[in-house]
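Under this note's numbering, read the sequence shown as residues 279 to 441, first letter to last.
Don't take every hint at face value.
[Unchecked claim] Capping the alpha-carbon separation at 35 Å, the derived lysine-lysine pairs in DSBU-like fashion look like this:
hint	residue 1	residue 2
1	LYS382	LYS322
2	LYS291	LYS370
3	LYS331	LYS439
4	LYS439	LYS309
For the record, the hints were derived by calculation from the structure and aren't laboratory data.
All values derive from a computational prediction rather than experimental measurement.
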Amino acid sequence: RILAEIVKKTRPKRILEVGALYGYSAILIAKNSPPGVQIVSVEKNPEHARITKGNIRRANMEGRISVVEGDGTTELRKLSGSFDLVFLDAEKTEYLAYLKAVEKNLHKGSVIVADNVGIFKDQMQDYLEYVRNKGPYRSRTVETLLEFSDSTKDAMEISEKLE
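Please work from the sequences and hints to get the whole structure.
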């Protein structure tokens, strides 16, 4: 729900998702985005990428969402163009590496949403330290509930690039 609200508020034209799993977040983002949005979803697991592509097809979103299969940091370095919104939801220990690999594609005002920073905060201290204190970002933590849970608390880190 928070991700959908961010998309509606920022009205991004080009979005990057790192960690597709089954494509549900990309489809949710697409459904809450303005017409013409382009979403690039990077997924390392070949089986998850296959399922994601099928779900995107069933949701009639092929024109809006493309799936790149491969390792996040490797594939991110190959991307061109800028992104208005980045959603990180893959290997938690790699969040900082993902951000560093895609920083060249960010502009002032780009928004980075990092999922699961509540339950996995110990695995991403380097990322949190960077976006909160060292990098060119204004960052805040928003408490959420873990996906598919009515009671497990989690959080998202929402960071805006300042330069």
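Is the straight-line distance between the alpha-carbon of LYS331 and that of LYS439 35 Å or less? holds, 30 Å
CA of LYS382 to CA of LYS322, is that 35 Å or under? holds, 21 Å
LYS439 and LYS309: Cα distance at most 35 Å? Status holds; Cα separation ~25 Å.
Does the structure keep LYS291 and LYS370 at a Cα separation of 35 Å or less? holds, 26 Å
In this structure, none of the earlier numbered hints is contradicted; all agree with it.
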